[in-house]
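Enquirer: Take a look at the letters that make up each chain.
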Amino acid sequence: MNYHTPESFEDAAAIAAAATGTTRFLAGGTDVLVQLRTDLVTPDDLIDIKHIPGVKQITRREDGGWRIGAAVAGAEMTETAALCADWPGLVEGMDLVGSTQVQGRATLVGNLCNGSPAADGVPGMIAAGCTVTVIGPEGAREVAVEEIPAGPGKTTLDRGEVITGVNIPPRGAHGGDAYLRFIPRTEMDIAVVGCAVNLRVDGATITHARVVLGAVAPTVRLVPEAGEAIAGTTLDSAALDRLARAASAACHPIDDKRGTIEFRTHVAGVLAKRAATIAYSRAKGDQA
Amino acid sequence: MAEVHLWSGLRSLADGQEVVAVEGKTVGQLLDGLVKAHPGLEPAIRRGVSVAVDGQIVPGNRNHPVDPDSEVFLLQKLAGG
Amino acid sequence: MALDGQKTAYTYIGTTPDRPDGLDKVTGRARYGADISLPGMLHGAVVRSPHAHAKILKIDTSKAMALDGVKAVITRADFPDGLEGEDWNLQENCMAGDKALYDGHAVAAVAATSPLIARDAAKLIEVAYEPLPHVTDVDAAMAEGAPVIREGAADFSVPDGLHPNVVRYFDSGRGDLEQGFAEADLVIEKSFTTEAAHQGYIEPQACLGQMGGDGRGELWVTTQGHWFVRRMCAAILGTEATGLRVTPSEIGGGFGGKTTVFIEPLSLALSRKAGGKPVKMGMTRSEVLRATGPTASASMDIKMGMTKDGRITAASGTFRMQGGAFPGAPVDVTTMLAFGNYDIAHVRQVGYDVLANRPKQAAYRAPGAPMAAFATESVLDELCRQLHLDPIDTRLKNAAREGTRATFGPKYGPIGLVETLEAAKAHPNYRQPLGPNQGRGVASGYWMNWGGETSASVAISEDGSITVSIGTPDIGGSRASMALMAAEAFGVPYENVRVNISDTGALGVNEPTHGSRATYASGLATIRAAEDCITKLCKRAADKWEIDAEAVTWEDGCAKPSGPNAGDFPPMPIAEIAAEMGETGGPISGHFEGTPAGFSGSFGTHVVDVEVDPETGRTTILRYLVVQDAGKAIHPAYVEGQFQGGAVQGIGWTLNEEYIYGEDGRLQNAGFLDYRIPVASDLPMIDTVIVEVPNPGHPYGVRGVGETGITPPLPAIANAVREATGKRLCDLPLRPSRVLAAIRGKG
Amino acid sequence: MTRRLHVSTTLNGDAVDFLCDPRETLLDCLRDHLGATGAKEGCGTGDCGACSVTLDGRLVCSCLVLGVEAEGKEIGTIEGMADGETLHPLQRKFIEHAALQCGICTPGILIAAKNLLDRNPDPTETEVRYWLAGNLCRCTGYDKIVRAVMDAASELREAS
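Protein sequence lines, in the order shown, are assigned to chains L, E, R and X.
For what it's worth, my numbering labels the leading residue of the first sequence as 918, then goes sequentially.
For what it's worth, my numbering labels the leading residue of the second sequence as 3, then goes sequentially.
For what it's worth, my numbering labels the leading residue of the third sequence as 52, then goes sequentially.
For what it's worth, my numbering labels the leading residue of the fourth sequence as 11, then goes sequentially.
Derived by calculation from the structure, the hints in this document are not laboratory data.
Fair warning: there could be bad hints in the mix.
[Unchecked claim] Taking lysine-lysine pairs in the DSS-like style, the calculated list, with each CA pair at most 25 Å apart, reads: (1) X/K83 to L/K967; (2) R/K778 to L/K1174; (3) R/K462 to E/K27.
[Said to hold, decoys possible] Computed beta-carbon distance windows for the label pairs: (4) R/A191 to X/R129: 46 to 54 Å; (5) R/G136 to X/D128: 40 to 48 Å; (6) R/M736 to X/A25: 40 to 48 Å.
[As the list claims (entries may be wrong)] To list a few chain R residues with every Cβ distance to chain X over 10 Å, as calculated: (7) G73; (8) V77; (9) E202; (10) E301; (11) G327; (12) R336; (13) K590; (14) E627; (15) T646; (16) G722; (17) V730; (18) A731.
No residue lacks a Cβ here, since even glycine has one placed at the ideal position from N, Cα and C.
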C-alpha cells in the first residue's frame, strides 16, 4: 500500500487519476480503516488529504451559508455553536455517527463518500439542500449532495474525482431542520431508518418542506411527496398522517440483520412525523 | 446399605429402579457397587455424574464418606461459567 | 444466625479496601494476554473456513511458505491422531480435520516474523472445499432430513429413532404429572426460543507460546484456568502435561468463555515447528465471535399448573439446545435448574443436546440456567397475571427453602430465595408508580455453584507479611477477597497480605475461575492454608516459651499463651516469629489441597421497570433492582459489581444480543457493531441489595455470587414488556421489530 | 513487502519515532513499536473504545488512525495520565468506587472520561453515559464507572 500526502486537491486528484489499482482517499479514516482491518478493501494507493490547506476549516460564507472542509471532524461541527444554531438537524445527523471517539475523526464528506444508504450525516445535508465541490481531472464542479450516492458503497464520482467540501445554504428566516434515526440501542448502531426534515414557515403555516429518508432504499432518498404532504399545513394531525403515509410509501427497504422491510416501512413514517414536529417547532422559534 | 436415587433418564439402565440400595462407605464404593449391580449404568457414570450426599453435592471426591442412612442422589455433572 | 464453628463478627470481612491490582490497572501497566513480547518472537495467524459445512479436499501451503518471513505453517496433519471423547472434540475444534464444521472453523495456521506478514501468508494458503448442506437452527437440526453433522456422535442416553444430530438425552422428574395438572385451576403451556449469546469479554483470546521439539514449553495466556489449558494443550499436542508451564496473564473478562482453548495449542504447535521460536497469537473480534464459544441456543416447551390461590401443582419442560458442532450444550444443567426455585411435587424435565453447524459452545455465566429461567419464569408470570396474583407473593408461596426437596432430588440446606423475595418486595422500586407504556417485571433465578479441585499456599515473609498463592485467575477483584480472608484468618491488616496467582509449576492442580467458585473455593483454601500456617506459628512460639503447642492460641496476629500458661508471656506478634524463623526451624508456610464440597447455591430476585415505545417497539430499561444472596459478602462493592454486571449481560441477551446466521450458514454479525452488547447510555443505575444467608459449608459463610445475576433478567424483562404492551413475547431477543410486530398484532 | 515509513511524533510529552508499514494502525505502533501496551485492542474497528487515546487533544480510537498519521502530532495515552506517583483523580476514584473488574476497558475509559472532564467539568449522568457510549465494558454494567466519573468531576471542581 502506497501512502500519499498531497498538498493540494489537484495533486490528490492527479494521484488518484494516475493510479491503476484500488484507491481510497483518507480523511477521518473511520470507514477506510475498518475496511482495511477486516480485509474488505486494502487500497494500493491511499491518499491522505489532511495535508491540504483549508480541509479542516469551517467557514461562514458571506451569504450566511457555510463551507465545511472535507476533513472537518464531526466533533468540530458540534463545537461550532453558530453552525448548530443554524442547522441543528444537519449537525445532529453527523453527531450520531459512531462514538465520541469516532466523532473526533469522522467527516461529513467521508460519510457521504462511503455510499451507505444508512449514513446518518447525509439525510440532513440533502434536506438542507447542500452541494459539494468536486475536483477532478476535468476541473471543479458543484454537485447537489443527493446526486452523489449511487447505491450501497457506490458514488457517482469518477476515478480521480475528490470532494473538497460541503456547501450549506444560508439558513434564512423561519426555517428549521431535524434528523432522527432509529437504532436498537441508544448509541453505536447503524441506522435502521433515518429521517431528516427541513422546512420553512410563514407564521404557523409550512411554506416548503424537504423530507429525506435513510436506510429504506439503496441510497438515501429525497421524498418530494412527503414534503408536499405537509407544505401548506400547520402540521396538524391529518398532515402528519399524510406525511407518515408518504414516507412509508417511498420505502423500498431490504430485510437484513438490522431490520425487516415491514419494520423499516412503518418506522419511516413514525420518524418522519417526529422529525417534522421538531423541525416545525424550531422553525417557529419555539424553545427547544 | 445406602439408598442411591437415580434421575429418571438412568432408570432404564437400572431395570427401571428409581432407588437402588448399594453397599458402600464412600461415594466411590457406591458408584462401583452401582455399576456392578447394573452394568448398564457404566457409560453414564463414566461420562461423569455429580453425587449429592445428604443434600450436599460432592464433586470429584470418591473418598467422601457415606453413612448407611445417607440420602444419595446422582445428578448430572455440573460446571459453570 | 450463628452457625456451628462459623465466625459471625469480623474485622476485615465486609470492608471495601482498594484492590491490590488496581494501581496497575488504572495506569496501563497491567499485563494482559497480548501485552507480552519475547526476543525472536513470531506472530501467528489462522486460516478459517468461509463455509458452514464443507469437506476439506486439499490444503496448499506452498505459496504461504514461499513468502519472505514465514517460518511455519500447520494443518491438522501436524497434530497426533487417535484422540477420543472430549479431547478429540477439542482438537477437532481447534483445527478442522476432514470437514469444516462451521463458519470460522480453523483449517490452517501460519507463523511469520510480523503480524502483517502472517496475515498476508494466511491469505496465500489455498484450501479446496466441497460445500455440504448445513443447518444452524436447533429445531431444524433434529428434524427428519437434516444434514448429519457427525455420524456416531450420540452417546448411550439417546433413545432410538432420533436424528443422529441428537447426541445426548436427559430425562428427570418425580411425581405424577397427570395428577398434578388435574389439581390445577389454570394450566398454561407455551413454547419459547432463545438465541445464542456471546460472553463478549472485551479482551480477545491471546497467548504467547513456546515449545521445543522435546515437547517442553511455556505458555503465557489469558485464561480462566491455566491447569485446564495445560491439560487440554498437552492432550491436543500429544505431549506431557508437566512439560508445559502455563502462566496466566491478567484476564480481560471471561464469563466462562475462557475455560477452554482455541489458539493456544496452535501457537505451541507453530512454535514447535518453527524450531522453538515463541509465537504470539491473538484473535480479532470477528474471530472471537465466529470461532469461540457462544452459549447454546434453545427451543423449549413449558407447561405449568397453578391453583387459584397460587400454588404450583405441576410443571414440565422440554428443552432442545444446540451447542455447535460438538456435544456439550448445557441442557443437563438446564433440566436440573429449570424449576429449581420452587417446591413442586409433580415435575418432569426432558432435554436434547443437538449438533448444528455453529462454533462449539463454551460456558457462559450460569450456563444453561438463563434460557430455562426465561421460559419457566415467563409461564409462572403468565399464571400470576391470569389468576390476578402478586408475582412476589406467589413466588414466596412456592419458594424453595431449607429442607425443601429440590426438583432435581436432594434437600436444600440453608438457602436465601425467600429472603431475596422479601427484600425485593420491601424495596422502594417495587412501589414506584408506572406511567403509560410502562411495565414492571419480576423474576427469580438460581445457580448452584461449584467447589472443584483447589490448591493454595500461604507463606510468611521475613518481615511478617504474608504471601498467598492461589490458582484461580482474578477476573473481578478476587485477590482483594483472598487478602481480606487471609487478613481475617491471621488477624493482620489487609495491607500486610499479598496475593499471587501462581503458574502451573508452582501449585497443585486448580480448576478455573468458573462455577462461581473462586471466592468460595480459593477463599476456603486460603483460610485453611492460613490455619495450617497459624498452627506452625503457634508451635514456634510454644518452642520459644517452652510450653506445649496446644497451650498457644492465635489472636489478632499474635501467638498467645493460654490455659495454664495464660498471661505468662506477652503476645508474640507474627513479625517477631517471622524475624526469627531462620533460626527456629526455617520457612513457615501453610497449604491446602482438596475439593471443597461445602458450596451452596445463590438465589436472586430481580425487579425491572421498562417503557416500550408503542410506535417503534423499542424497550427502555427505566429501573433495575438486583437482590441476591451472597452468603457473606467478603468485599461488598465487588459483590455488587457481580450483581450489576450479571444483570446487564442478561439485559443485553434479552434485548439485542443474538447470533444471526444467513441462508449460507455464515455469521452475519461478527463484530461489536452488530453484536450489540449494552452501552453506557442504554442503562440506568443498577440498584442492588445484598442478602446474607450464610453458607454453612464455608468458614465465613460465602456463597459464590458470580453467575446467578444473569439468570433472572431474561424473564424479568419479558414479564415487564408483557405488562407494558399486553403481549407475551416468547422469543428472545426482544428486538424492536419483534416487539412492534407483537404490538401491531402480527407477532 | 511494503516499504516502512519513518514517523516522528510526541508520546505523552516525549519525542519518539518509529518505523511502520503504512497499513499499521496507531494502536499497532503504540503497542508493537513504542512499547505502550496500555491501549488495548478489543475490536480493531472502532466499536469498543479500549484503544482510546488523544491525538492533539482530540479523543480518538487509535485503531482507526494509521501510524503514519501520527507524524508531528501529540499522542496522549494512559501511560501519561498520572503525574509521576500521583494518580489523576479519575484513576483514584476508579479504584475507590470498584469501577473496574477485569480492567481491560479501564485505560480507554479513563482517557475518554478525562477528555470529557477537560471539556465539561460538570457533566450530568446522561452526558457521562453518552460520552462513554463508545467504551464498552462487559463486567460492571457501567454503574460504578459512571459514579466514579461523577465523583472525580466533583472533586476536580472543588479543587479548582
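Enquirer: Run every hint past the structure and note whether it holds.
Expert: Each hint tested on the structure:
{"no.": "1", "hint": "X/K83 to L/K967", "verdict": "holds, 13 Å"}
{"no.": "2", "hint": "R/K778 to L/K1174", "verdict": "holds, 23 Å"}
{"no.": "3", "hint": "R/K462 to E/K27", "verdict": "holds, 21 Å"}
{"no.": "4", "hint": "R/A191 to X/R129: 46 to 54 Å", "verdict": "holds, 52 Å"}
{"no.": "5", "hint": "R/G136 to X/D128: 40 to 48 Å", "verdict": "violated, 57 Å"}
{"no.": "6", "hint": "R/M736 to X/A25: 40 to 48 Å", "verdict": "holds, 44 Å"}
{"no.": "7", "hint": "G73", "verdict": "violated, 4 Å"}
{"no.": "8", "hint": "V77", "verdict": "violated, 4 Å"}
{"no.": "9", "hint": "E202", "verdict": "holds, 38 Å"}
{"no.": "10", "hint": "E301", "verdict": "violated, 7 Å"}
{"no.": "11", "hint": "G327", "verdict": "holds, 22 Å"}
{"no.": "12", "hint": "R336", "verdict": "violated, 4 Å"}
{"no.": "13", "hint": "K590", "verdict": "holds, 39 Å"}
{"no.": "14", "hint": "E627", "verdict": "holds, 32 Å"}
{"no.": "15", "hint": "T646", "verdict": "holds, 27 Å"}
{"no.": "16", "hint": "G722", "verdict": "violated, 6 Å"}
{"no.": "17", "hint": "V730", "verdict": "violated, 4 Å"}
{"no.": "18", "hint": "A731", "verdict": "violated, 4 Å"}
Of the numbered hints given earlier, the model fails hints 5, 7, 8, 10, 12, 16, 17, 18; all others are met.
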